[in-house]
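*Asks:* Listed in order, the protein sequences are those of chains A and B. Position 24 of the first sequence, counting from 1, maps to 24 under our numbering, and the rest follow consecutively. Position 79 of the second sequence, counting from 1, maps to 79 under our numbering, and the rest follow consecutively.
Take these hints with a grain of salt, some might be off.
What the hints assert, rightly or not - Just a few of them, taken from the derived set where beta-carbon distance is under 10 Å, the chain B residues facing chain A:
{"no.": "1", "residue": "1"}
{"no.": "2", "residue": "8"}
{"no.": "3", "residue": "20"}
{"no.": "4", "residue": "126"}
{"no.": "5", "residue": "157"}
{"no.": "6", "residue": "168"}
{"no.": "7", "residue": "237"}
{"no.": "8", "residue": "312"}
{"no.": "9", "residue": "315"}
{"no.": "10", "residue": "317"}
{"no.": "11", "residue": "320"}
{"no.": "12", "residue": "327"}
{"no.": "13", "residue": "328"}
{"no.": "14", "residue": "352"}
{"no.": "15", "residue": "358"}
What the hints assert, rightly or not - For lysine to aspartate or glutamate, the following EDC-like pairs were computed, each having C-alpha atoms within a straight-line distance of at most 20 Å:
{"no.": "16", "chain 1": "B", "residue 1": "176", "chain 2": "A", "residue 2": "131"}
{"no.": "17", "chain 1": "A", "residue 1": "176", "chain 2": "B", "residue 2": "345"}
{"no.": "18", "chain 1": "A", "residue 1": "15", "chain 2": "A", "residue 2": "95"}
{"no.": "19", "chain 1": "A", "residue 1": "336", "chain 2": "B", "residue 2": "345"}
{"no.": "20", "chain 1": "B", "residue 1": "348", "chain 2": "A", "residue 2": "346"}
Note that these hints are calculated values from the structure, not bench results. In this text, a Cβ means the ideal position worked out from N, Cα and C, and glycines have one as well.
Next come the chains, spelled out residue by residue.
Number of protein chains: 2
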Amino acid sequence: MTDEEIMAEAIREAKKGFPLAFPNPLVGCVVVRNGKIIARGHHAFFGGPHAEVNAAKKCSYNLRNASVYVTMEPCSSRAKKTPPCTDLLLSLRPEKVIIGDLDPNPIHNGRGVEILRKSGIKVKIGVLKKECQNLNPAFYKNMKEKLPYIILKMAQSINGKIADNRGNSKWISSEKSREYSHKFLRAACGCIISGVETIIKDDPELTVRNVKIQSQPAVCVIDPNLRTPISARIFKAKRTVYLISLYNAKNKNYPENVSVIRMGKKEDGFQIIDILKTLYEKGIRSVLVEGGGKTHGQFIRSGLFDKIFVFISPMIIGQENAISSVSWTDRFSPKKGLGIAVKPEDIKSLGPDLLLIYGKK
Amino acid sequence: MTDEEIMAEAIREAKKGFPLAFPNPLVGCVVVRNGKIIARGHHAFFGGPHAEVNAAKKCSYNLRNASVYVTMEPCSSRAKKTPPCTDLLLSLRPEKVIIGDLDPNPIHNGRGVEILRKSGIKVKIGVLKKECQNLNPAFYKNMKEKLPYIILKMAQSINGKIADNRGNSKWISSEKSREYSHKFLRAACGCIISGVETIIKDDPELTVRNVKIQSQPAVCVIDPNLRTPISARIFKAKRTVYLISLYNAKNKNYPENVSVIRMGKKEDGFQIIDILKTLYEKGIRSVLVEGGGKTHGQFIRSGLFDKIFVFISPMIIGQENAISSVSWTDRFSPKKGLGIAVKPEDIKSLGPDLLLIYGKK
């Protein structure tokens with residue numbers, strides 16, 4: 001087996017940590033001796049033992065003459081819930097450690113490798129680097145930009161409407177689409193962002209249903225005038241709800257798990273970047289934007305998105321005043337071209353629906 | 001080889017007639033002797049020799065001990081440009097004729113088969129029937145409903161906009177999408193239907209470019225008040241242009257190839273069915289609707305479409321007043337559900353664009 005083939009195994013192993021490892025990164029580890037895989041391990045849940053520990057356990061902590069393949073550089077920090085994996089490796093002394101990519105955290109980047117090399121363990125870096133990075137796009141963005149990873153999600157008709165002219169919108173997308181959305185989008189995000197219009201009109205729960213998770217994602221409502229009703233269903237689950245409001249908006253007798261965040265207002269909305277920075281400071285590492293058209297419009301025209309997930313239901317909603325999946329004021333035009341260009345990345349069939357996935361261009 | 005395998009060959013052969021055979025149906029023929037294919041033929045161009053004739057030619061008109069596979073029942077009518085294929089078969093006397101499907105024209109349906117059987121030639125019917133029918137959806141609809149086959153085509157942003165708020169729309173779709181559209185949609189239609197708004201705003205040529213065709217498709221503009229300018233580029237090509245107008249609309253000094261058709265006006269538009277019936281009477285067997293949102297809206301809410309081709313360009317056009325690919329008055333709501341449901345049929349990648357194909361539900 002080549003290094004690439006074994007690393008591909010480690011990547012498969014890493015994916016088993018989805019979604020319970022979040023917001024920690026997905027990491028996989030494979031131990032090879034005499035050309036044979038003798039153990040696999042992955043980071044299985046947030047705060048739990050790392051992939052290397054779980055793999056080492058399975059070979060009774062005996063790594064002599066073995067090679068250790070790990071999708072991300074072993075941790076070397078003592079400021080964590082678990083002891084550093086470099087300590088474990090130094091004591092078990094495998095012959096070689098093969099790493100997919102360095103830890104993107106600038107504080108740790110390359111430090112684990114240095115520790116291993118100094119102790120005489122051979123280290124190879126960059127096997128299936130891109131694929132290993134793709135395991136954790138949010139983690140990479142967090143480390144580089146100190147901002148949450150941003151996914152916009154919209155469920156629309158073929159012609160881009162998310163509701164008819166009277167605001168009716170329930171069940172545009174199929175059951176399979178909703179299942180997908182719960183399992184792969186909501187379960188893996190730290191916070192669901194929505195606009196106050198959606199909260200008032202649809203009164204959604206914004207919870208993860210039918211998926212095993214550590215805890216429900218937080219919710220953040222962009223609500224300048226604190227119009228979110230006290231009875232809103234978002235308050236029912238055990239989790240934090242952030243209400244982004246103006247300084248002078250009148251507070252209500254909200255439940256204990258509500259945190260009202262005050263911000264200034266500029267132009268025709270809050271600055272999205274301010275909201276994202278605030279959420280990041282509060283520990284939110286990835287957000288799922290399930291807004292109406294205006295909320296999505298604010299993110300898109302600000303260039304503040306990493307992925308757009310568009311669920312297209314096989315129907316046409318045609319009223320002139322039916323609500324679009326993205327809209328912004330007529331005063332705003334893109335600098336060049338007709339629209340804001342995005343990068344096509346993937347298509348999936350979900351029952352009768354299509355899911356189109358776009359990235360940033 | 002099984003009958004199905006040989007009929008599949010005949011279907012492949014039939015497709016070679018695209019698009020020059022239009023508006024005649026695509027028909028393919030394969031001759032087999034001693035288990036071997038000895039000749040193939042297809043209906044190659046409008047008014048030209050039929051598939052059976054072309055196949056027979058290749059075996060020097062000797063069909064003894066041979067089986068003839070043909071995707072559609074051989075013609076038996078003398079009221080045509082070419083002599084009936086049943087005459088040819090009676091004179092060449094193959095052992096057996098295997099037919100994909102009967103001629104859907106009620107006048108001819110089953111008549112060819114009867115003639116062959118009466119003369120002692122064995123006939124088998126219905127091999128890959130569905131697939132043979134799918135070669136000529138327009139022809140089947142024409143024969144059954146006496147109406148043109150209707151394809152709606154829209155090129156839109158991800159969020160369903162065909163132009164920004166100022167009406168800018170040129171080149172939303174990619175070159176590959178435009179090529180596809182010329183080759184597979186325009187080249188195979190008898191008439192392109194558009195709305196007068198599109199003609200005034202975009203002044204399109206509405207011609208087939210870079211594809212070998214018999215003649216340019218006709219154009220039909222839904223133009224209640226005859227606002228189409230005399231200088232419009234649609235008038236340049238050699239072909240008929242129909243202008244659908246109100247009885248009292250003032251005529252202009254239009255070129256000779258223009259035919260102004262007067263109709264009454266009901267509710268908020270002409271009745272689409274009246275336009276389609278009129279075009280059918282004039283010999284139009286398939287139409288491609290390249291309208292703006294309102295024109296598409298009229299067809300869709302009337303249920304008058306067979307396929308919808310949606311080209312999705314990887315961009316977001318977000319202005320509040322950007323123009324939607326489908327729209328109708330707020331007074332109209334579908335009888336049940338949120339929108340008008342359609343049937344997902346196919347997806348194609350065309351460069352950066354996606355083409356979603358929907359049928360009628």
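*Asks:* Now tell me if each hint is right for this structure.
*Replies:* Now for the hints, and whether the structure bears them out:
Taking 10 Å as the C-beta contact cut-off toward chain A, the hint placing residue 1(B) at the interface is violated, the least distance being around 34 Å. A hinted interface residue such as residue 8(B) counts as satisfied when its beta carbon comes closer than 10 Å to some beta carbon of chain A; here the least separation is about 26 Å, so the hint is violated. The beta carbon of residue 20(B) comes no nearer than 32 Å to any beta carbon in chain A, farther than 10 Å, and the hint placing it at the interface is violated. For residue 126(B), the shortest C-beta to C-beta distance to chain A is roughly 30 Å, which exceeds 10 Å, and the interface hint is violated.
The interface hint given for residue 157(B) holds, since its Cβ lies 5 Å from the closest Cβ of chain A, which is under the 10 Å cut-off. The beta carbon of residue 168(B) comes within 6 Å of a beta carbon in chain A, closer than 10 Å, and the hint placing it at the interface holds. The beta carbon of residue 237(B) comes no nearer than 27 Å to any beta carbon in chain A, farther than 10 Å, and the hint placing it at the interface is violated. The restraint placing residue 312(B) at the interface with chain A holds, with a minimum CB-CB distance near 7 Å, inside the 10 Å limit.
Given hint, residue 315(B) at the interface with chain A, holds; its Cβ is 4 Å from that chain's nearest Cβ, closer than 10 Å. The interface hint given for residue 317(B) is met, as the beta carbon of that residue sits about 4 Å from the closest beta carbon of chain A, less than 10 Å. A cut of 10 Å between beta carbons decides the hint on residue 320(B): the least distance to chain A is about 5 Å, and the hint holds. At about 5 Å, the closest approach between the beta carbon of residue 327(B) and any beta carbon in chain A falls short of 10 Å, and the interface hint on this residue holds.
With 10 Å as the threshold, the beta carbon of residue 328(B) comes within range of chain A, its nearest partner Cβ sitting at about 4 Å, so the hint holds. The restraint placing residue 352(B) at the interface with chain A holds, with a minimum CB-CB distance near 6 Å, inside the 10 Å limit. Residue-level restraint check for residue 358(B) holds (minimum Cβ-Cβ distance to chain A is 6 Å; threshold 10 Å). Distance hint between residue 176(B) and residue 131(A) is unfulfilled; the C-alpha atoms sit about 30 Å from each other, more than 20 Å.
For the proposed pair residue 176(A) and residue 345(B), the alpha carbon gap of about 18 Å is at most 20 Å, so the pair holds. At roughly 26 Å between alpha-carbon atoms, residue 15(A) and residue 95(A) are farther apart than 20 Å, so this suggested pair is violated. For the suggested pair residue 336(A) and residue 345(B), the alpha carbons sit about 34 Å apart, so the restraint of at most 20 Å is broken. The suggested pairing of residue 348(B) with residue 346(A) holds, with an alpha-carbon distance near 12 Å, which does not exceed 20 Å.
Violated hints, listed in ascending order, are 1, 2, 3, 4, 7, 16, 18, 19; each of the other numbered hints is respected by the structure.
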